[in-house]
Amino acid sequence: MPSLTLESATEESPGFLARLLPRLHAKAFTGGVIVLMFIAVGILGPKIAPHDPNKQELTALTKPPQGLGSPHVLGTDNLGRDIFSRIIHGARVSLLVAFAVVFISGIIGVSLGAISGYLGGKTDFLIQKVVEVVWAFPPLLLGITIMAFLGQSLFNLILALVIQRWIPYCRVVRGQALTLRSREFVVAARCLGAGKGQIILRHIIPNVIQISLVIGTFAMASSIIAEASLSFLGVGVPPEIPTWGTMLADARIYISTAWWLPLFPGLCIFITVLGINLLGDALRDSLDPRLKRTGAGI
Amino acid sequence: MAGFFVQRLAGIIPVLLLISLLVFILIHAAPGDPTLMLLGEETNAADIAKANQRWGLDRPLYIQYFKFLESAAAGEFGKSFKYGEPVTGVIKARLPATIELALFAIVIATLLAIPLGVWAGAKPNSWLDNLGTTFGLFGISMPSFWLGIMLILLLAGVLNILPTSGRSTYGVAGPEITGFYLLDSVLEKNGPAAWDALTHIFMPALALGVNMLGILMRVTRSSVLEVMNEEYVVTARAKGLTEKNVIWRHVTSNALIPVITVVGLELGTLLSGSIIVETVFSWPGSGSLLITALNARDYPLVTGLVMTYTAAFVLINFIIDGLYAIIDPRIRY
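Chains as they are written, first to last, in my numbering: chain A, 1489 to 1786; chain B, 4 to 336.
Only chain A is shown next, with the shape it has when bound in the complex (with noise of 0.2 Å):
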């Protein structure tokens, strides 16, 4: 009965791990073993990869699969690049893209939000209408605009990305800050003369880090998404560089003679974006205790 394993992996009852550690859900276990996977590739990705990625083996060109062992596990393309080498190379620029673009947005985000929310007025009327402005933009169509503009280059694909991620911590954080203000020690750090900085820095942003971890994970999926779009199409990272991306793009002409190139670049984006969106959730029913009580989450 596949309903029985289901749940006694999730709720019923705790296996050896959950015991250990009384949080840990199957969700947050999956989650973190394949982020911490996808982190580990990123960071060893030139020590551990078989072949240099962008090598050209004119005798090999567009061999399918061979299996573990054999020179070119995943195959070759084309060109006749090593496949596996690849991956483990584009893991790199998904893992630094996401990385920088969920911490910049982030910092951007919650220091906006925070400032926000806690002087009101005509800070929160400006801010609140630049919010405005950027979030009128389709998601995709602004990032595209600007790497098209702007050229291709990691920087550019960063910006092009932080630009819009920092909207969700900007508005969620704003609305904890406009709660947070009129507490009774926030009330007593003003009534003790901190100043308005002291007060956003040591009072107002630590009550907000939890909810913002939150959404840094989703963020983070949402930018290893973006990013292999806008590779695929053309204006994310320059074409030397080997991503997710621009393997599926140069698959895109071979799907009907070689089904190994468009799969394996695309599965680790799958797999790799569900792995995070897991913890995300897992993170968020442990932090949330709304969500908590009845079990559910978005």
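Take the hints with a grain of salt, since some may be wrong.
From the derived model, a few chain B residues whose C-beta atoms are all more than 12 Å from chain A [stated by the list, open to error]:
(1) GLN10
(2) LEU60
(3) GLU73
(4) ILE109
(5) LEU156
(6) ASN163
(7) LEU270
(8) THR306
Pairs of lysine to any residue residues, derived as SDA-like cross-links and limited to a Cα-Cα distance of at most 20 Å, are as follows [unchecked claim]:
(9) A:LYS1617 x B:ALA13
(10) A:LYS1551 x B:LEU20
(11) A:LYS1610 x B:PRO17
(12) A:LYS1551 x B:GLY160
(13) A:LYS1617 x B:ASN163
(14) A:LYS1617 x B:LEU318
(15) A:LYS1617 x B:LEU156
(16) A:LYS1610 x B:GLU179
(17) A:LYS1617 x B:GLY160
(18) A:LYS1551 x B:VAL161
(19) A:LYS1617 x B:PRO17
(20) A:LYS1617 x B:ALA314
(21) A:LYS1617 x B:GLY14
(22) A:LYS1617 x B:VAL161
(23) A:LYS1610 x B:ALA314
(24) A:LYS1617 x B:LEU21
(25) A:LYS1684 x A:PRO1694
(26) A:LYS1617 x B:ASP324
(27) A:LYS1617 x B:LEU20
(28) A:LYS1617 x B:LEU19
(29) A:LYS1610 x B:GLY160
(30) A:LYS1610 x B:PHE321
(31) A:LYS1617 x B:PHE321
To be clear, the hints were calculated from the coordinates, so they are not data collected in a lab. Please read all numbers here as calculations on a predicted model, not as lab measurements. Ideal Cβ positions, reconstructed from N, Cα and C, are used throughout, including at glycine.
Following the hints, position chain B against chain A.
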């Protein structure tokens, strides 16, 4: 309520103005001369000057912007460099394809997501719930363009049951009435054309709708879960209604309110998602047109397209806001 709508409508105008300014700056900050690109590197100075004058590129930037605003307000974005025709016309010819694709994607997503979400939410932790939740998670994690490629690989390549690209097989479709091929063929009572259009639209629409499917399923599920604890549901049960009646009449109708908001919000994502899915399937819509226009540095066409997309996005959100107010009597502005 009317006051609310007027206020919201008035709020949209400055947003659109700022967006147009942003687009204008972005386009003109770009490296690369459009005149050179179109005429070729070996053109002489006189020809370049003539072309610049014809396209108004020799004027100061702020004049170009005001000119652009003036004509944009009238729905005119100038002539496309590439096609030599008014931008509005070029976009109009491509819009039905995109709208048809987006609508079809929404239909697929909602038809699958809502029942799945309701079933999952009504019986939390059952096998149906597990199946639905997994499905939802897969949906939100799936890169739509990769799903598109995989669908082509499987359904068109291996099984050979669906066409790989385009909107119709050459010569099958009848004359255009509305530009929506499915609707046209139904209006003309042309069975083969309708089937042909359906086989062409199925894969791109499924690829485009998959993220929305995942999100909708998850929102429906959690919304149903929340409503299940409400007192009126307990009352409905207490007065002896069957479980089926309770779920579909009392729970679902109330749980769908947040779902509508999400459909609206995702519509924008769907629109921009169509850019990439259209590219995968060579779907002749406005999304693939944008990529063509960008590659050709066709400023008027890019501006027109970006403005069209953004205006549509803003407008959809406005409509959804209003719909929300009408559907949920608890919301009063």
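Tested hints:
{"no.": "1", "hint": "GLN10", "in the structure": "holds, 14 Å"}
{"no.": "2", "hint": "LEU60", "in the structure": "holds, 16 Å"}
{"no.": "3", "hint": "GLU73", "in the structure": "holds, 21 Å"}
{"no.": "4", "hint": "ILE109", "in the structure": "holds, 15 Å"}
{"no.": "5", "hint": "LEU156", "in the structure": "violated, 5 Å"}
{"no.": "6", "hint": "ASN163", "in the structure": "violated, 10 Å"}
{"no.": "7", "hint": "LEU270", "in the structure": "violated, 9 Å"}
{"no.": "8", "hint": "THR306", "in the structure": "violated, 10 Å"}
{"no.": "9", "hint": "A:LYS1617 x B:ALA13", "in the structure": "holds, 14 Å"}
{"no.": "10", "hint": "A:LYS1551 x B:LEU20", "in the structure": "violated, 53 Å"}
{"no.": "11", "hint": "A:LYS1610 x B:PRO17", "in the structure": "holds, 17 Å"}
{"no.": "12", "hint": "A:LYS1551 x B:GLY160", "in the structure": "holds, 19 Å"}
{"no.": "13", "hint": "A:LYS1617 x B:ASN163", "in the structure": "violated, 51 Å"}
{"no.": "14", "hint": "A:LYS1617 x B:LEU318", "in the structure": "holds, 17 Å"}
{"no.": "15", "hint": "A:LYS1617 x B:LEU156", "in the structure": "violated, 45 Å"}
{"no.": "16", "hint": "A:LYS1610 x B:GLU179", "in the structure": "violated, 53 Å"}
{"no.": "17", "hint": "A:LYS1617 x B:GLY160", "in the structure": "violated, 49 Å"}
{"no.": "18", "hint": "A:LYS1551 x B:VAL161", "in the structure": "holds, 19 Å"}
{"no.": "19", "hint": "A:LYS1617 x B:PRO17", "in the structure": "holds, 10 Å"}
{"no.": "20", "hint": "A:LYS1617 x B:ALA314", "in the structure": "holds, 17 Å"}
{"no.": "21", "hint": "A:LYS1617 x B:GLY14", "in the structure": "holds, 10 Å"}
{"no.": "22", "hint": "A:LYS1617 x B:VAL161", "in the structure": "violated, 51 Å"}
{"no.": "23", "hint": "A:LYS1610 x B:ALA314", "in the structure": "violated, 27 Å"}
{"no.": "24", "hint": "A:LYS1617 x B:LEU21", "in the structure": "holds, 10 Å"}
{"no.": "25", "hint": "A:LYS1684 x A:PRO1694", "in the structure": "holds, 15 Å"}
{"no.": "26", "hint": "A:LYS1617 x B:ASP324", "in the structure": "holds, 18 Å"}
{"no.": "27", "hint": "A:LYS1617 x B:LEU20", "in the structure": "holds, 12 Å"}
{"no.": "28", "hint": "A:LYS1617 x B:LEU19", "in the structure": "holds, 12 Å"}
{"no.": "29", "hint": "A:LYS1610 x B:GLY160", "in the structure": "violated, 59 Å"}
{"no.": "30", "hint": "A:LYS1610 x B:PHE321", "in the structure": "violated, 25 Å"}
{"no.": "31", "hint": "A:LYS1617 x B:PHE321", "in the structure": "holds, 16 Å"}
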